[in-house]
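Participant: From first to last, the protein sequence lines stand for chains X and S.
Numbering of the first sequence is given in our numbering, commencing with residue 1 and proceeding in unit increments.
Numbering of the second sequence is given in our numbering, commencing with residue 1 and proceeding in unit increments.
To be clear, the hints were calculated from the coordinates, so they are not data collected in a lab.
Don't take every hint at face value.
To be verified - With a Cα cut of at most 25 Å, we get these calculated BS3-like pairs of lysine-lysine:
#	chain 1	residue 1	chain 2	residue 2
1	S	K80	X	K27
2	X	K200	S	K315
3	X	K27	S	K143
Everything numeric in this text was worked out from a predicted model, so none of it was measured.
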Amino acid sequence: MIRTEELLLNVGPQHPSTHGVFRIVVKLDGEVITEATPVMGYLHRGTEKLAEQLNYTQIIPYTDRMDYVSAMTNNYVLVHAVETMMDLEIPERAEFMRLIVMELQRIASHLVWWGTYLLDIGAMSPFLYAFRDREIIINLFNELCGARLTYNYMRVGGVKWDAPPGWLDKVRDFIPYMEGKLREYDKLVSGNEIFLARIKGIGRYDAATAIDYGLSGANLRCTGVDWDLRKAEPYSLYSRFEFDVPLGQNGDCYDRYVIRLEEIKQSLRILKQALEQMPSGGETMGKVPRVIRPPAGEVYVRIESPRGEIGCHIVSKGKAEPYRLKFRRPSFVNLQILPKLLVGETMTNLITILGGVDIVVGEVDC
Amino acid sequence: MGAWLHDSLTWSDAVIIFLWGAVFLFVVLGFVTYAIYFERKVIGWMQLRIGPNRVGPLGLLQTVADIFKLLIKEDTIPRKADRLLFVLAPILCYVPAFTVLAVIPYTEKLYFADLNVGLLYYAALSGISTLAIVLGGWASNNKYALLGGMRSAAQMISYEVPLVISVVGVILLSGSLNLGDIVDAQAGGWFWDWNFLPQIIGFVVFIIAAVSELNRTPFDLPEAESELVAGYHVEYSGFRFAFFMLSEYVYVYAIAALTTVLFLGGWHAPAPFLDFVPGLIWFLLKFAFIVFFLFWIRATFPRIRVDQLMGLGWKVLLPVSLLNVFLTAGYLELFVK
Numbered sequence: 001m002i003r004t005e006e007l008l009l010n011v012g013p014q015h016p017s018t019h020g021v022f023r024i025v026v027k028l029d030g031e032v033i034t035e036a037t038p039v040m041g042y043l044h045r046g047t048e049k050l051a052e053q054l055n056y057t058q059i060i061p062y063t064d065r066m067d068y069v070s071a072m073t074n075n076y077v078l079v080h081a082v083e084t085m086m087d088l089e090i091p092e093r094a095e096f097m098r099l100i101v102m103e104l105q106r107i108a109s110h111l112v113w114w115g116t117y118l119l120d121i122g123a124m125s126p127f128l129y130a131f132r133d134r135e136i137i138i139n140l141f142n143e144l145c146g147a148r149l150t151y152n153y154m155r156v157g158g159v160k161w162d163a164p165p166g167w168l169d170k171v172r173d174f175i176p177y178m179e180g181k182l183r184e185y186d187k188l189v190s191g192n193e194i195f196l197a198r199i200k201g202i203g204r205y206d207a208a209t210a211i212d213y214g215l216s217g218a219n220l221r222c223t224g225v226d227w228d229l230r231k232a233e234p235y236s237l238y239s240r241f242e243f244d245v246p247l248g249q250n251g252d253c254y255d256r257y258v259i260r261l262e263e264i265k266q267s268l269r270i271l272k273q274a275l276e277q278m279p280s281g282g283e284t285m286g287k288v289p290r291v292i293r294p295p296a297g298e299v300y301v302r303i304e305s306p307r308g309e310i311g312c313h314i315v316s317k318g319k320a321e322p323y324r325l326k327f328r329r330p331s332f333v334n335l336q337i338l339p340k341l342l343v344g345e346t347m348t349n350l351i352t353i354l355g356g357v358d359i360v361v362g363e364v365d366c
Numbered sequence: 001m002g003a004w005l006h007d008s009l010t011w012s013d014a015v016i017i018f019l020w021g022a023v024f025l026f027v028v029l030g031f032v033t034y035a036i037y038f039e040r041k042v043i044g045w046m047q048l049r050i051g052p053n054r055v056g057p058l059g060l061l062q063t064v065a066d067i068f069k070l071l072i073k074e075d076t077i078p079r080k081a082d083r084l085l086f087v088l089a090p091i092l093c094y095v096p097a098f099t100v101l102a103v104i105p106y107t108e109k110l111y112f113a114d115l116n117v118g119l120l121y122y123a124a125l126s127g128i129s130t131l132a133i134v135l136g137g138w139a140s141n142n143k144y145a146l147l148g149g150m151r152s153a154a155q156m157i158s159y160e161v162p163l164v165i166s167v168v169g170v171i172l173l174s175g176s177l178n179l180g181d182i183v184d185a186q187a188g189g190w191f192w193d194w195n196f197l198p199q200i201i202g203f204v205v206f207i208i209a210a211v212s213e214l215n216r217t218p219f220d221l222p223e224a225e226s227e228l229v230a231g232y233h234v235e236y237s238g239f240r241f242a243f244f245m246l247s248e249y250v251y252v253y254a255i256a257a258l259t260t261v262l263f264l265g266g267w268h269a270p271a272p273f274l275d276f277v278p279g280l281i282w283f284l285l286k287f288a289f290i291v292f293f294l295f296w297i298r299a300t301f302p303r304i305r306v307d308q309l310m311g312l313g314w315k316v317l318l319p320v321s322l323l324n325v326f327l328t329a330g331y332l333e334l335f336v337k
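Excised from the complex, chain X in its bound form (with noise of 0.2 Å):
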């Protein structure tokens, strides 16, 4: 008899593969993994305390650090709960820009992710045909704020700029692009059986465990749930809207790898919309008091991401300052699955069911 034993990989924090700074320790035997313990916290920057000390107004560039490849959905939650609480009116003009920049925002991290996701499964072109695209959205960004990651975009009552001239042209333009381009990625990769072959059943669990866990967004959805904040609690301007949430069956890898595609048609649609809606003029600010004073109490508000559920939790005790801040992350409550996921599967399958759970290990840490 050979004596055989188990092998302790730790994977991460420097691999290519766990974006970031994620760590995940996993007992190997020959190459199927026995046992796997996620590591966080290595970009832990305690924004939630942070923002004890801050007012509203300047928490919103922490929240950007947070989601950086959604930065704009981040800034929503925040303002959006901040208004919740002071029962603030929203001039239209700002909620429609609010809403394109949203929507755009969710087809560039979905994009990102699409693009690392094929990086993670070995095929190398789509990851640059995917930043390719996303730089058209990031430079609009960059036109409409002045930044291409961090936007710091929204206000408490509003967004920061109007749009610049011939900046909704620009993105009006954009959506036949992009609807094109999508039709190449199709064509590319969607079909190719090496791809099918990887992600087809991998990573697969029911809508009863996905509801224990707390997933939400793409992970959720893959196993047949139908919730999309955007349809079940409608916030901002999305019940004025036609769009369809993609719904998966088997809960595996493709079926979020779909998802996240057809996600992006439907944010095309949606633009298209809210293009045509839009009222052509109007302010982009609230009337806001000053100095921002919610009155005592407590809020949540929680909204859907690119990657989920992402709630944000204020108690105010009617000073500038929240009395505690707290952040539902879905990258975060989405992690927790991996450890039961990854028992049985090998090394390989490791990367595509990480990589399928799609997170950011800024937001992961917060």
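Starting from the known structure of chain X, arrange chain S on it as the hints suggest.
Facilitator: Leaving out everything else, chain S in the frame of chain X:
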């Protein structure tokens, strides 16, 4: 070149043969230098990038600069590594890669060894490089390297077998293991006399198994950077690392040349009226196309999973290549005899 090999060995002949070997080494190193440049450019263009364009005119000296950088880097050996094997592995990887090239015939006159078991020699020696990869992975005393090395061993066993069996059809058709004779058997003037059409099944299996043999995408499992960081050479740096990369590209050369010889008619022109073009040009064109094809695959495909790779090797490629042997033998028995 052929004339010398058939003469009896004298001191002056020995010196000449040795010098030819040295010249050939530089040809191969030149190929590797510009194959890397070519790969980076081609893949760059396919990925909407420019590729190297800073060092030298059009970036032509980029690879030279890279190799120079590797040369002057600190040579590190991990403290817990098995020193002897760690040092031996890159050499053991490179030497067979270079020696297999001896049997490739470029034209009727230009070849370095006229071996009547040339194909067997190629298959036998190229397997040794995998041994070196396993050795390097083991000696590094690194878990990722070990996994990469083990994958490499599994991959070799799964792919060496279909690779060799897929060319049995070619051997049957030409009745020889000598690569020069195999090219001669494909003479006939037109490109449909080449082996790739009559042996289309063998050709496809050979190409797939060859890409796997080269450890290139989609079969680059031993060094899968998104899973195993760098796989078997994760602990290697400087020139030892360069030797692993060097042998990888020398094998690209070897496989491209071997494919040309076995399936694409070697130095023969694709049509009789094109015979005025020297055979070496035709050889190089076909060779360059295969090299380009290998790079093209890399820009297109994702990586296959390790168990799927073994499944493909044993369950698909091996039976298909055996079927090919059977069909070829049946054809020869029934129609040719």
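Participant: Please verify whether K27 (chain X) and K143 (chain S) have alpha carbons no more than 25 Å apart.
Facilitator: The hint holds at about 12 Å.
Participant: Would the pair K200 (chain X) and K315 (chain S) pass a check requiring their Cα atoms to be no farther apart than 25 Å?
Facilitator: Roughly 20 Å separates the two Cα atoms, so the pair holds.
Participant: Just to be careful, I want the Cα atoms of K80 (chain S) and K27 (chain X) compared with a cutoff of 25 Å; is the pair within it?
Facilitator: 22 Å, holds
In this structure, every one of the numbered hints holds.
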